[in-house]
Amino acid sequence: MPRFHGQSNHAPVDIVNQLQKQYVDYLSSLFHEGVLDDQFTQLQKLQDESNPDFTVEVATLFFVDSDKLINNMAAALERSPVDFKQVDADVHQLKGSSSSIGAMRVKNLCITFRSFCETQSYEGCLICLQQVKNECAVLKDKLQNLFRMEQQIVGAGGSVPLMD
Amino acid sequence: MADYGDEPHVLAVDDNLVDRKMIEALLKNSSCRVTTAENGMRALEYLGIRDDQPGESSVSATTSKVNLIITDYCMPGMTGFELLKKVKGSSILKEVPVVIVSSENVPTRINKCLAEGAQMFMLKPLKASDVKKLRCHLMNCRT
Numbered sequence: 031m032p033r034f035h036g037q038s039n040h041a042p043v044d045i046v047n048q049l050q051k052q053y054v055d056y057l058s059s060l061f062h063e064g065v066l067d068d069q070f071t072q073l074q075k076l077q078d079e080s081n082p083d084f085t086v087e088v089a090t091l092f093f094v095d096s097d098k099l100i101n102n103m104a105a106a107l108e109r110s111p112v113d114f115k116q117v118d119a120d121v122h123q124l125k126g127s128s129s130s131i132g133a134m135r136v137k138n139l140c141i142t143f144r145s146f147c148e149t150q151s152y153e154g155c156l157i158c159l160q161q162v163k164n165e166c167a168v169l170k171d172k173l174q175n176l177f178r179m180e181q182q183i184v185g186a187g188g189s190v191p192l193m194d
Numbered sequence: 010m011a012d013y014g015d016e017p018h019v020l021a022v023d024d025n026l027v028d029r030k031m032i033e034a035l036l037k038n039s040s041c042r043v044t045t046a047e048n049g050m051r052a053l054e055y056l057g058i059r060d061d062q063p064g065e066s067s068v069s070a071t072t073s074k075v076n077l078i079i080t081d082y083c084m085p086g087m088t089g090f091e092l093l094k095k096v097k098g099s100s101i102l103k104e105v106p107v108v109i110v111s112s113e114n115v116p117t118r119i120n121k122c123l124a125e126g127a128q129m130f131m132l133k134p135l136k137a138s139d140v141k142k143l144r145c146h147l148m149n150c151r152t
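Protein chains in written order, with this note's numbering: chain A, 31 to 194; chain B, 10 to 152.
What the hints contain is simulated information worked out from the structure, not anything from laboratory work.
Small disclaimer: the values here were computed from a predicted structure and weren't measured.
The C-beta atom is built at its ideal place from N, Cα and C for all residues, glycine as well.
Where hints are given, some of them may not hold.
To be verified - Distance windows between CB atoms, simulated: (1) A:Glu79 to B:Ser138: 17 to 23 angstroms; (2) B:Lys141 to A:Asn138: 25 to 31 angstroms; (3) A:Asn138 to B:Pro85: 20 to 26 angstroms; (4) A:Lys51 to B:Ala137: 25 to 31 angstroms; (5) B:Lys103 to A:Asp68: 55 to 61 angstroms.
Said to hold, decoys possible - Straight-line Cα separation of at most 25 angstroms, DSS-like style, residue types lysine-lysine; simulated pairs: (6) B:Lys136 to A:Lys172; (7) A:Lys75 to B:Lys142; (8) A:Lys172 to A:Lys75; (9) A:Lys51 to A:Lys170; (10) A:Lys75 to B:Lys141; (11) A:Lys172 to A:Lys98; (12) A:Lys98 to A:Lys163; (13) A:Lys75 to A:Lys170; (14) B:Lys136 to A:Lys170; (15) A:Lys75 to B:Lys37; (16) A:Lys172 to A:Lys51; (17) B:Lys141 to B:Lys37; (18) A:Lys115 to B:Lys121; (19) A:Lys75 to B:Lys136; (20) B:Lys97 to B:Lys121.
Kindly generate the complete structure, drawing on both the sequences and the hints.
In C-alpha cells:
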C-alpha cells in the first residue's frame with residue numbers, strides 16, 4: 031500500500047473512512063445515551079481555522095471549572111450548619127456551563143440537585159454530589175476518547191465529520 | 010448611531026467562564042467584534058460609567074464604543090437587570106441596545122427586563138441561529 035512521508039501521513043482512504051465511521055458511531059452513541067445533546071454540536075460548529083482547538087479548549091475549561099465547583103459543594107456540605115444557598119449557587123453555575131457545552135446528563139443531575147438544595151435535604155444533596163462527580167468523570171473520559179479519535183482522523187489526513 | 014461598518018462591537022457580560030467563551034465565539038462567528046466582562050462592575054468600567062455616580066466620571070467620547078450589550082441575568086454582585094438600569098440611566102449609553110440572557114424562563118423576570126428597556130430577552134444556551142437572528146434584528150443587516 032502506498033505511504034506518503036512528510037508532515038501529514040495520508041493513510042489509505044479506506045483507513046480514514048474507517049476512522050471516520052468509528053468516530054461517527056461513537057459520537058452517535060453519546061447522543062443516543064443522553065450524555066450529550068445538540069448543544070455539543072453547536073460547540074463543535076464554532077471550531078474553524080481561526081479557532082482550531084475550540085472544542086478541546088472549552089471542554090478543558092469546563093472540567094477545571096466543574097472540579098472547582100464540586101470541591102466547593104463538598105466543602106459547603108461538610109460545614110455545620112450547611113449553607114444550602116451557597117451549594118445551590120454552585121450547582122446553578124455547573125448547570126449553566128454543562129448546559130452550554132451540551133453535557134445533558136450533568137445538567138439534568140444539577141436540576142435534581144437544586145431541588146434538594148431548595149428543600150435543604152442534606153442526604154439528597156450528598157447523593158447528588160456523588161452522582162454529579164461520577165457523571166463528570168464519565169464525561170471527561172468519553173470526551174477524551176472522542177478527541178483522541180479526532181486526532182487520529184486528522185493525523186491520517188482526514189477531516190472530522192460533523193453531526194447534523 | 011455610530012458607523013461600525015460590518016463589524017459591530019459587542020460587549021458580552023457573564024460571570025461564567027465557559028459561557029463567556031461560548032458567547033464570544035458565537036458572536037465572532039457572526040462577524041462581531043467582541044469584548045467580554047466577567048461582571049457588571051467591569052462592564053461599567055469598560056463602558057466608562059462609574060457605578061457610584063449618577064452621571065459619567067470622565068468621558069471624552071460622545072458616542073458609545075459598543076453597539077450592543079449582551080448580559081447574563083444571574084450574576085453575583087450586580088445582576089444583569091441592575092446593569093441594564095445603569096446603562097439606560099446613562100445619557101451616553103441609553104441608546105445602546107441591551108439583550109438579557111438567562112437559563113431560566115421566568116415571565117415576571119422577562120417582563121421586568123423588557124419594561125426597563127431591554128431590547129430582547131433570550132434563553133440560554135444560545136445557539137448560532139439565535140445570535141444571527143439577534144444581529145439582524147438589532148442592527149442593520151447588510152447581507
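Against the structure, the hints:
At roughly 22 angstroms, the beta-carbon separation of A:Glu79 and B:Ser138 lies within the given 17 to 23 angstroms, and the hint holds. For the pair B:Lys141 and A:Asn138, the supplied restraint of 25 to 31 angstroms holds, since their beta-carbon distance comes to about 28 angstroms. Between A:Asn138 and B:Pro85 the CB atoms are about 24 angstroms apart, so this pair conforms to the stated range of 20 to 26 angstroms. Between A:Lys51 and B:Ala137 the beta carbons are some 27 angstroms apart, a value that agrees with the proposed interval 25 to 31 angstroms.
For the pair B:Lys103 and A:Asp68, the beta carbons lie near 37 angstroms from each other, so the given range of 55 to 61 angstroms is not met. In summary, the hint linking B:Lys136 to A:Lys172 is supported, as the alpha carbons are separated by about 23 angstroms, within the 25 angstroms threshold. With a CA separation close to 17 angstroms, the supplied pair A:Lys75 and B:Lys142 stays within the 25 angstroms bound. Taken as a hint, the A:Lys172 and A:Lys75 pair is honoured in the structure, with Cα atoms around 19 angstroms apart against an allowance of 25 angstroms.
Between A:Lys51 and A:Lys170, the direct Cα distance comes to roughly 22 angstroms. Compliance with the 25 angstroms bound is thereby established for this hinted pair. A hinted pair counts as satisfied when its Cα atoms are at most 25 angstroms apart, and A:Lys75 with B:Lys141 qualifies at roughly 14 angstroms. For the hint pairing A:Lys172 with A:Lys98, the CA-to-CA distance comes to about 20 angstroms; that is within 25 angstroms, so the pair holds. Between A:Lys98 and A:Lys163 the CA atoms are separated by roughly 11 angstroms; this keeps the pair inside 25 angstroms, and the hint holds.
For the given pair, A:Lys75 sits about 20 angstroms from A:Lys170 by alpha-carbon distance, which is consistent with the 25 angstroms threshold. With a CA separation close to 23 angstroms, the supplied pair B:Lys136 and A:Lys170 stays within the 25 angstroms bound. For the suggested pair A:Lys75 and B:Lys37, the alpha carbons sit about 12 angstroms apart, so the restraint of at most 25 angstroms is met. Between A:Lys172 and A:Lys51 the alpha-carbon distance is near 17 angstroms, which keeps this suggested pair within the 25 angstroms criterion.
Simply put, B:Lys141 and B:Lys37 have alpha-carbon atoms about 11 angstroms apart, close enough for the 25 angstroms limit, and the pair holds. Proposed proximity of A:Lys115 and B:Lys121 is supported: the alpha carbons are some 24 angstroms apart, at most 25 angstroms. Of the supplied pair hints, the one linking A:Lys75 and B:Lys136 holds, its CA atoms being roughly 10 angstroms apart against a limit of 25 angstroms. A distance of roughly 14 angstroms separates the Cα atoms of B:Lys97 and B:Lys121; the hinted pair therefore holds under the 25 angstroms criterion.
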